[in-house]
Amino acid sequence: GEDVEQSLFLSVREGDSSVINCTYTDSSSTYLYWYKQEPGAGLQLLTYIFSNMDMKQDQRLTVLLNKKDKHLSLRIADTQTGDSAIYFCAESRHGGATNKLIFGTGTLLAVQP
Amino acid sequence: KAGVTQTPRYLIKTRGQQVTLSCSPISGHRSVSWYQQTPGQGLQFLFEYFSETQRNKGNFPGRFSGRQFSNSRSEMNVSTLELGDSALYLCASSPGLAVYNEQFFGPGTRLTVL
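Read top to bottom, the protein sequences are chains Z and F.
Sequential numbering of the first sequence, starting at 1, is according to the numbering used here.
Sequential numbering of the second sequence, starting at 1001, is according to the numbering used here.
Keep in mind that the hints were calculated from the coordinates and are not lab data.
Quantities reported herein were computed from a predicted structural model and do not represent experimental measurements.
Do not rely on the hints blindly, as some may be mistaken.
[Unchecked claim] Computed footprint of chain Z on chain F; a stretch qualifies when at least three of its residues, placed anywhere within it, have a C-beta under 8 angstroms from a C-beta of chain Z:
#1 1036-1046
#2 1079-1087
[Said to hold, decoys possible] With a straight-line cut-off of 27 angstroms between C-alpha atoms, the simulated DSS-like cross-links for lysine-lysine are:
#3 F:1057 - Z:36
#4 F:1057 - F:1013
#5 Z:70 - F:1013
#6 Z:36 - Z:67
Every residue gets a Cβ at the ideal spot worked out from N, C-alpha and C, and that includes glycine.
Required output: the full structure, derived from the provided sequences and hints.
Structure follows, in structure tokens:
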């Protein structure tokens, strides 16, 4: 099926690291993305990783990809209250020119001051 | 550069009515995609357009339709509304269709069906 799974909720203290996990389904996925959604807003692209990479770091964000297990994670260092939001992983699949994304179920990150 | 705009932002309709939502992509972008977001089903792909042609369609009934105009603006239409159509409808624009294309999302239209 097309299900991309994420844990529903994560609570951390300000200053700690957050790790949000995602399990995707299609081993032929070419790009994997992390989006952030704040209340009342659309989706903001945080970062992405190409499927031939294992890791990508972008300032406070680190993405790890385990293709064998189809597991993707997003680590946010020094988490701030402004990071409180819903985080979605998404995959784009091979097979023609398309921007279609398959989104995960979303993880609500709550940052306690 | 202005971002993706969606109108209206909020809409209340009753069952059986029809609705049209509008999306204006970022200037110069030629691809528009639509997604439905609900608490139960999450984010689901509706369709995508490029150069006025529908290139891909999600698994939604025929009541959901869309189109794209020559200026790349897009509309989606839902006929014979059902309660389950209540959702946040998001559109995303990107320069074109490719294996990788950053997509920019609008704020969405919140549709409530009573």
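Each hint tested on the structure:
1. Counting residues of the region 1036-1046 of chain F whose C-beta sits closer than 8 angstroms to any C-beta of chain Z gives 4, which meets the bar of three, so the coverage hint holds.
2. Closer than 8 angstroms: that is the beta-carbon criterion, and the region 1079-1087 of chain F has 0 residues meeting it against chain Z, so the requirement of 3 is violated.
3. At most 27 angstroms may separate the alpha-carbon atoms for a hinted pair to count; residue 1057 (chain F) and residue 36 (chain Z) meet this at roughly 24 angstroms.
4. The hinted pair formed by residue 1057 (chain F) and residue 1013 (chain F) meets the criterion: a straight-line CA distance of about 25 angstroms does not exceed 27 angstroms.
5. Proposed proximity of residue 70 (chain Z) and residue 1013 (chain F) is contradicted: the alpha carbons are some 41 angstroms apart, above 27 angstroms.
6. With a C-alpha separation of about 23 angstroms, the suggested pair residue 36 (chain Z) and residue 67 (chain Z) falls inside the 27 angstroms cut-off, and the hint holds.
Violated hints for the displayed structure, listed by number in ascending order: 2 and 5.
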